[in-house]
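Residue numbers (the numbering used here), protein chains in the order written: chain Z, -11 to 274; chain D, 1171 to 1432.
Honestly, I wouldn't trust all of these hints.
[Unchecked claim] In silico contact screen, one side only, chain D against chain Z (beta carbon under 7 Å); selected entries:
no., residue
1, 1194
2, 1199
3, 1255
4, 1258
5, 1353
6, 1357
7, 1392
8, 1393
9, 1407
10, 1409
11, 1418
12, 1422
Calculated directly from the structure, the hints in this document are not laboratory data.
C-beta: ideal position from N, C-alpha, C; glycine also.
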Amino acid sequence: MSSSARARGRFVPYLLTLPGIGWLLLFFAIPMVTMFSVSLQEGSLEQGYRLTFHWANYSQAFGDSSTQAFRSLFYAAIVTAVTFAISYPMVYWIAFKAGRKKHLFLLLLLLPYFTPFLIRTLSWKFVLADTGIFLGPLKDWGLLDESFRLLATPLSVIAGITYNFLPFMALPLFVALDRLDPAMLEAARDLYSDRFSAFLKVTFPLSLPGVFAGSLLTFIPAVGDFIDAELLGNPSTTMIGNVIEREFTDSFNYPEGAALSFLLMAGILVGVALYARWLGTEELTG
Amino acid sequence: MGGKRSWFLGTYTGLAIAYLYIPVLVMIMFGFNDFAGRFNFEWRRPTLEHYRTLFDIPELTEALKNSLLIASVSTIVATVLGTMIALALTRHSFRGRSGLNLFIFLPMATPEIVLGVSLLAMFVTINMTRGFLTIVIAHIMFSISYVVVTVKARTSGLDQSLEEAARDLGAGPWTAFRTVTFPLILPGIAAASVLAFVLSIDDYVVTTFNAGATITLPLWIYGVSRFGVPAQVNVIGTLIFAIGVIYVAVMAFRISSEDARL
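Chain Z with its partners taken away, still in its complex shape:
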């Protein structure tokens, strides 16, 4: 290779990344910086906003919506735990017991998610309705009290988010379990007297990177979700996403909405850091 060709080769990775990274800088990074500036502005939509480094927007935003913020973190934590509890046994069976059909089962698990998100959620609204196809007959037969309801309760919101984000938990879990060496798991079974302690001591710790990845991929969108709370909830299940949405589209209080967005991300960062510590970072990196 001539030296000029090699010099040209050095620029290849930069030329390849430039357009895509440029796009992300323009439409992801700069908007974030802009929103940070907006979060420190004062004024009104009519008179315009001015940058006055008004940090009070943050305390104001937190004071106004700390209930919704903590509720969102709480719901998202439950959703993460429930998606994990539902997915792990299922994905375990697919990875280890489904044999050559395992990819087919995995595709069957993902297939419902081809249906548009909103249609799926509206369909749940219909299924969970007070006199819908499930509760209706149960009430007619006298098995449930007439006043019993699922829709517009915290339960229906959590159930909706759980359903919608389940694949984000299941896929990383599958990847982590599928990678494990069967010979090693067999050795573990020889080593420990019963299968359950072999699972607890070997299989589960080895799948922790998948548990961590799945939890993040579920928890982050779950905290910010507002569609499930909007369609399946009631005013007392409002989440932080609903508040942010209203600040930007109803009350046009951009600075407070922007401040809330950054508080949301800070909350997620703290949550993820605590979780990583709880799971044990050593096991994840080692």
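For chain Z, the structure is supplied; the task is to place chain D on it using the hints.
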């Protein structure tokens, strides 16, 4: 092997998968319901009427067209830009590579609502009218990272010596890439573009803040959901699901024929 235990787990898996299909089956069923009045809530009798009148709601047809066009444009652009980044990340070592890996991860780790409102804040600040163009811009933005990750999963497992062999046999760098590497990573690129398309056509959250007067399919459905969703929406959902079934069937067939070859 612990037959009893895996039988129990297998049954559980079957039930769990069945649960995932509950809303899908309800959606399909009520697309065939000959309902009376405004709300499609009670099963009466089967009909194909809603399939026949699928395109009889002009606003819905318009929204569907917009969504398909937006998804096509953003898929093409995001797939090209994302694949180029994935190639650079796996085939070259250069300064700033690990920083770049982290930067690519950030949009995926940001809640959608934050992506949506920050773009809105910027478009308002620079006084840019929101509409078709801003939706496409936003969809390309949130798809790029997913394309990079999907294509990278394919390129990083690739044996570089294959391309080197082609170079040794006298192929130029471009020819070696085009005839050896590109066909090998094509399945990854195809999977990435399917993902980008699904992400775009399904997006409500980012779109709602940046759509202006343009209506997409999810925006339209959300708008009518308060007043009763027409059965044509069930039909569109069913057709999209059917495309998914075909896709999965093709994938399953490819997997089983690969198995047979091994």
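We went through each hint and held it up to the structure:
Proximity of residue 1194(D) to chain Z holds as hinted, the smallest CB-CB distance being about 5 Å (cut-off 7 Å). Hint status for residue 1199(D): violated, given a least beta-carbon distance of 9 Å to chain Z, over 7 Å. Because the closest C-beta pair between residue 1255(D) and chain Z is about 4 Å apart, less than 7 Å, the hint holds. Hint status for residue 1258(D): holds, given a least beta-carbon distance of 4 Å to chain Z, under 7 Å.
Interface hint at residue 1353(D): violated, since its Cβ lies 19 Å from the closest Cβ of chain Z, which is beyond the 7 Å cut-off. Interface hint status for residue 1357(D): violated, as the beta-carbon distance to the closest one in chain Z is roughly 14 Å, over 7 Å. The closest approach between the C-beta of residue 1392(D) and any C-beta of chain Z is roughly 6 Å, which is under the 7 Å cut-off, so the hint is satisfied. This hint is violated: residue 1393(D) has a C-beta 10 Å from the nearest C-beta of chain Z, more than the 7 Å allowed.
At its closest, the beta carbon of residue 1407(D) sits 4 Å from a beta carbon of chain Z; the interface hint therefore holds under the 7 Å criterion. The closest approach between the C-beta of residue 1409(D) and any C-beta of chain Z is roughly 10 Å, which is over the 7 Å cut-off, so the hint fails. Residue-level restraint check for residue 1418(D) holds (minimum Cβ-Cβ distance to chain Z is 5 Å; threshold 7 Å). Restraint check, residue 1422(D) versus chain Z: the minimum CB separation of about 5 Å is within 7 Å; hint holds.
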